[in-house]
Amino acid sequence: MSAKIYQCMEKIGNDIIENKEFLTDLDREIGDADHGVNMARGFTEVLAQLPQDEEDMGKVLKKVGMTLLSKVGGASGPLYGTAYMKAAGAVAGKTSITLLDGKEMLAAVIGGVKMRGKAQRGEKTMLDALEPAFDALTKAMEEGKSTEECLEAMCQAAEEGVEFTKTIRATKGRASYLGERSIGHQDPGATSSLITLRAIQAFYLNNLK
Amino acid sequence: MVGILIVSHSKKAAEGIYELAVQMAGEDHRVLAVGGMEDGSIGTDAIRIKEGIEKTNDGDGVVLLADLGSGILSSQMAIDLLEEDIAVEIADAPILEGAVSAAVQAAIGGTLKEVLEAAELAKQISKLE
Numbered sequence: 000m001s002a003k004i005y006q007c008m009e010k011i012g013n014d015i016i017e018n019k020e021f022l023t024d025l026d027r028e029i030g031d032a033d034h035g036v037n038m039a040r041g042f043t044e045v046l047a048q049l050p051q052d053e054e055d056m057g058k059v060l061k062k063v064g065m066t067l068l069s070k071v072g073g074a075s076g077p078l079y080g081t082a083y084m085k086a087a088g089a090v091a092g093k094t095s096i097t098l099l100d101g102k103e104m105l106a107a108v109i110g111g112v113k114m115r116g117k118a119q120r121g122e123k124t125m126l127d128a129l130e131p132a133f134d135a136l137t138k139a140m141e142e143g144k145s146t147e148e149c150l151e152a153m154c155q156a157a158e159e160g161v162e163f164t165k166t167i168r169a170t171k172g173r174a175s176y177l178g179e180r181s182i183g184h185q186d187p188g189a190t191s192s193l194i195t196l197r198a199i200q201a202f203y204l205n206n207l208k
Numbered sequence: 000m001v002g003i004l005i006v007s008h009s010k011k012a013a014e015g016i017y018e019l020a021v022q023m024a025g026e027d028h029r030v031l032a033v034g035g036m037e038d039g040s041i042g043t044d045a046i047r048i049k050e051g052i053e054k055t056n057d058g059d060g061v062v063l064l065a066d067l068g069s070g071i072l073s074s075q076m077a078i079d080l081l082e083e084d085i086a087v088e089i090a091d092a093p094i095l096e097g098a099v100s101a102a103v104q105a106a107i108g109g110t111l112k113e114v115l116e117a118a119e120l121a122k123q124i125s126k127l128e
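These protein sequence lines map, in sequence, to chains A and B. Residue numbering for the first sequence follows numbering that gives the first Met the number 0, beginning at 0 and increasing consecutively. Residue numbering for the second sequence follows numbering that gives the first Met the number 0, beginning at 0 and increasing consecutively.
Keep in mind the hints are simulated off the structure, nothing from the lab. Positions of the beta carbon are idealized from the N, C-alpha and C atoms, including for glycine. Hints may contain errors.
[As the list claims (entries may be wrong)] Simulated crosslink set (DSBU-like; lysine-lysine; CA at most 35 Å straight-line):
(1) B/54 / A/62
(2) A/58 / A/93
(3) A/113 / B/11
(4) A/19 / B/11
(5) B/112 / B/122
(6) A/138 / A/19
(7) B/112 / A/113
(8) A/165 / A/117
(9) B/54 / A/58
(10) A/144 / A/10
(11) A/102 / A/62
(12) A/58 / A/19
(13) A/19 / B/10
(14) B/54 / A/61
(15) B/10 / A/62
[As the list claims (entries may be wrong)] From the structure, some residues in chain A lie toward chain B, with a derived Cβ separation under 7 Å:
(16) 68
(17) 69
(18) 72
(19) 73
(20) 74
(21) 77
[As the list claims (entries may be wrong)] Output of the computed footprint for chain A on chain B, the stretches with three or more beta carbons under 8 Å from beta carbons of chain A:
(22) 29-43
(23) 69-79
Same shape as in the complex, but just chain B (with noise of 0.2 Å):
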C-alpha cells in the first residue's frame, strides 16, 4: 500500500491532519504524521521526516504532503538524504484536504501514480460550488 506522509511545521497540526486522514481511511492505513521539531518547537526537521518517508513506505512508495515554506524545503532534502531507492512524491496540494483524499486512494489500493493524483485533485475542489 502507498505510504502518505504528513509534514507540518506545527505537531499538533501534523496530528490533526493525521486524525482526519485516518479517520475517512479506515484501520488498514500507512499514513504517518511528521511535525514540528523534536523538542516540539515549531519548525521541520529533514532528518525526521527522511525517517518517517522510510517508516511508512512498505515497497509502494510515499505521497508526502508539506505544509508552508520550509516544509517543502525539508522535505526535498529528505528525499536527498535516503539511502534506499524508495519513490517518493511531493504532492502539490493543500496538505489537509490532499492528506484525507490521499488517504482513501491509498487505502482503496491506488497506485502511487493514483494517490498523487488523488491529492493533487484537492487543490481544484471548490468547497462552495
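Next up, chain A with everything else stripped away, as it sits in the complex (with noise of 0.2 Å):
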C-alpha cells in the first residue's frame, strides 16, 4: 500500500502541476492570479519531498500538509496544508483504507477548511466543492452503491458545485473584493478541489479497482 499512497499523490500533484496555467487564468479573472502558480511550486516540492518507501499514509499525508505550508505561499499554502493535515489524522497509522476512511478524511478535511478560513459553503471557495462532494458520497454510500458509483457521484457533485460558484459572489479572500463582479467566474480553489477528486478517482480506477 506503501507505494500507493505515493503514487496517488503524484496523481494528484501531477494533475494540479499540469493545470497550473488554467487555474491562474480563473485566478486571473477575480482574484490575484497565483492560484495556478502557488499550488503546482507546492506540489513539485511534495513531489520532490514525497517519502516513497513510507508506510503509514498518516505520515505521508502530514508530510504533504507541511510542505505545502511552506511552499504554497498564497492562501492556499494553509488551506490545503490543513486539508492534507487533517486528512492524515484521519487515517493516522494506517497503510491501507476503506471507502469509508475516505469519507472519514474527507469529512476531516471540509472541517479543517471551514475552521482555517473561517467560511461556509455558498461563498464561493473550496468548500462549494468539497460539500456537495461529502454528501453525494455518504449518500451514494447509504445506497450501496459501488465504489466506483460511489467515486463518480462524489466527483460529479463537486463539478457541479464548481458550476455553481460561476453563479455567486465571492465574500472571503482576494476575490471578495469584486462583489458583484465576482459573479460569472468559477472559483479558482473548488475547481483545484474537484482536479484532486478527480485525480483520485482516476487513480482508484486506473490502480485499485
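Starting from two chains that each stand alone, build the complex the way the hints lay out.
Rendered as C-alpha cells:
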C-alpha cells in the first residue's frame, strides 16, 4: 500500500501542475492570478519530498501538508496544508484504507478548511466543491452503490459545485473585493479541489479497481 | 520583553517595517521580521512564521502583525503548529503603524496585553486630524 499512497499523491500533484495555467487564468479573473503558480510550486516540492517507502498514510499526508504550508505562499498554502494535515489525522497509522476511511478523511478536510478559512458553503470557495462531494459520497454509500459509482457521484457533485460557484459572489479572500463582479467566474480553489477529487477517482480506476 | 513579529508577503516590506519599528524601539528590542517565501518570492510561509515566533519569544509572549489575506491565515496556522506553549496575539491593526506602536510599548516594558492594545490603537489614529 505504501507505494500506492505515493502514486496517488503523484497523480494529484501532476494533475495540479498540469492545470497550472488554467488555475492561474481563473484566478486572474477574480483574484491575484497566483493560484495555479502557487499550487504548482507547492506540489512540485511535494513530489520532490514525498517519502516513497513510508507505509503510514498519515505520515505521508502530514508531510504533504507541511510541504504545502511552506511552499505554496498564498491563502491556499494554509488551506490545503490544513486539509492534508486533517486528512492525515483521519488515517494516522493506517497502511490501507476503505471507502469509509475516505469519507472520514473528506469530513476532516471540510472541517479543517472551515475552521482555517472561517468559511461556509455558498461563499465561492473550496467548500462549494468539497461539501456537495461529501454529501453525494455519503448518499451513494448509504444506497449501497459500488465504490466506482460512489466516487463518480462524489466527483459529479463537486463538478456541479464548481459550476455553482459561477452563479454566486465571493465573500471570502481576494475575490471578495470584487463583490458583484465576481459573479460569472468559477472559483479557482473549488476548481483545484475538483481536480484533486478527480485525480483520486482516476487513481482508483487505474490502480485499485 | 514582549516579542514583535512582523509578517509580510514581501521580504522588502517586512524588512522596511522592521527598520522603522526598531528605530523607534531602540537597541534593546525583540522585533523580528518574516517576509516572503524562503526563495525570496512573494508569499507567506507558516513554517517560517512559526520559527519566527519561537525565536522572538523570551517567555513574555509575542504580538504578531501581518499584512493582507494569507498573512493572517498563515500566522494562525503557525500558532496551531507551535509545540511549545507560547502566548501569541495577532494584532488587528495596520502592519506598519501597529508594529511601530507595539515596538515602542514593548521597549518600555509593556505586558503582552498592553503591547497588543498599543498595536490595535494604531488603527484608530487619524493621520489628518
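Evaluated hints:
For a cut-off of 35 Å, the pair hint linking residue 54 of chain B to residue 62 of chain A stands: about 23 Å separates their Cα positions. With a C-alpha separation of about 9 Å, the suggested pair residue 58 of chain A and residue 93 of chain A falls inside the 35 Å cut-off, and the hint holds. In summary, the hint linking residue 113 of chain A to residue 11 of chain B is supported, as the alpha carbons are separated by about 32 Å, within the 35 Å threshold. Restraint check: the Cα-Cα separation between residue 19 of chain A and residue 11 of chain B comes to about 27 Å, which is no more than 35 Å; the hinted pair holds.
Proposed proximity of residue 112 of chain B and residue 122 of chain B is supported: the alpha carbons are some 16 Å apart, at most 35 Å. This hinted pair checks out: residue 138 of chain A and residue 19 of chain A have alpha carbons roughly 32 Å apart, not beyond 35 Å. Between the alpha carbons of residue 112 of chain B and residue 113 of chain A the distance comes to roughly 28 Å, so the proposed pair stays at or under 35 Å and holds. For the proposed pair residue 165 of chain A and residue 117 of chain A, the alpha carbon gap of about 21 Å is at most 35 Å, so the pair holds.
For the given pair, residue 54 of chain B sits about 27 Å from residue 58 of chain A by alpha-carbon distance, which is consistent with the 35 Å threshold. A distance of roughly 25 Å separates the Cα atoms of residue 144 of chain A and residue 10 of chain A; the hinted pair therefore holds under the 35 Å criterion. Restraint check for residue 102 of chain A and residue 62 of chain A: satisfied, since their Cα atoms lie roughly 21 Å apart, inside the 35 Å limit. At roughly 27 Å between alpha-carbon atoms, residue 58 of chain A and residue 19 of chain A fall within 35 Å of each other, so this suggested pair holds.
Proposed proximity of residue 19 of chain A and residue 10 of chain B is supported: the alpha carbons are some 25 Å apart, at most 35 Å. At roughly 24 Å between alpha-carbon atoms, residue 54 of chain B and residue 61 of chain A fall within 35 Å of each other, so this suggested pair holds. Of the pairs offered as hints, the one joining residue 10 of chain B and residue 62 of chain A holds, with about 26 Å between alpha carbons and a cut-off of 35 Å not exceeded. Taken as an interface hint, residue 68 of chain A checks out: its beta carbon lies about 4 Å from the nearest beta carbon of chain B, inside 7 Å.
With a least beta-carbon distance of about 4 Å to chain B, the hint placing residue 69 of chain A at the interface is held under the 7 Å criterion. A cut of 7 Å between beta carbons decides the hint on residue 72 of chain A: the least distance to chain B is about 2 Å, and the hint holds. Hint on residue 73 of chain A holds. Least Cβ distance to chain B is approximately 5 Å, under the 7 Å limit. The restraint placing residue 74 of chain A at the interface with chain B holds, with a minimum CB-CB distance near 4 Å, inside the 7 Å limit.
The interface hint given for residue 77 of chain A is met, as the beta carbon of that residue sits about 4 Å from the closest beta carbon of chain B, less than 7 Å. Given as covered by chain A, the stretch 29-43 of chain B passes the check, having 6 residues with a CB less than 8 Å from a CB of that chain where 3 are the minimum. Requiring three or more residues with a Cβ within less than 8 Å of a Cβ of chain A, the coverage given for the stretch 69-79 of chain B holds, as 5 such residues are present.
The structure fails none of the hints (numbered hints given earlier).
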